[in-house]
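One point on numbering: in this note's numbering, the residue at position 39 of the sequence shown is 47, and numbering is uninterrupted.
One thing to keep in mind: the hints can contain errors.
[Said to hold, decoys possible] Simulated restraints on C-beta separations:
#, residue 1, residue 2, range
1, Met74, Glu15, 11 to 21 Å
2, Leu40, Glu15, 44 to 54 Å
3, Phe86, Ile53, 22 to 32 Å
4, Gln23, Phe72, 46 to 56 Å
5, Leu35, Leu62, 37 to 47 Å
6, Leu62, Phe83, 29 to 39 Å
Keep in mind the hints are simulated off the structure, nothing from the lab. Just so it is clear, the structure is predicted and the values come from calculations on it, not from any experiment. The beta carbon of each residue, even a glycine, is placed where N, CA and C say it ideally should be.
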Amino acid sequence: MKLLAQELPSPRAIQETPSPAINKDPLIARNLQKEQYVGIFGLAIALIAAVGFLSRRIEYAIIFAMILSAILIAFFLFV
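Assemble the whole structure, with the sequences as input and the hints as a guide.
Structure, rendered in structure tokens:
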């Protein structure tokens with residue numbers, strides 16, 4: 009019960025100090041998002057092309073699902 013009666017510090021009193029080691033960490037990949045997006049997009053195109061050689065209906069189903077997913081993601085992000 010003592011924990012419930014204690015007063016919490018105000019949000020202004022809580023401050024986070026950034027660590028200088030975070031900016032110099034060599035294990036964190038920085039500025040690679042464009043390359044990642046290009047790679048993912050290329051992989052998706054290759055997947056659709058590979059499936060398209062096997063079955064045209066499955067290719068259309070995958071394309072339809074990807075377009076519908078993109079529309080729903082955009083809708084829920086901006087609503």
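We went through each hint and held it up to the structure:
1. Between methionine 74 and glutamate 15 the C-beta distance comes to about 52 Å, which lies outside the given range of 11 to 21 Å.
2. A C-beta distance of roughly 45 Å is found between leucine 40 and glutamate 15, which places it inside the suggested range of 44 to 54 Å.
3. At roughly 26 Å, the beta carbons of phenylalanine 86 and isoleucine 53 sit within the given window of 22 to 32 Å.
4. Distance hint for glutamine 23 and phenylalanine 72: a CB-CB separation of about 50 Å, consistent with the stated range 46 to 56 Å.
5. A C-beta distance of roughly 40 Å is found between leucine 35 and leucine 62, which places it inside the suggested range of 37 to 47 Å.
6. For leucine 62 and phenylalanine 83, the hinted distance range of 29 to 39 Å is satisfied, since their beta carbons lie about 32 Å from each other.
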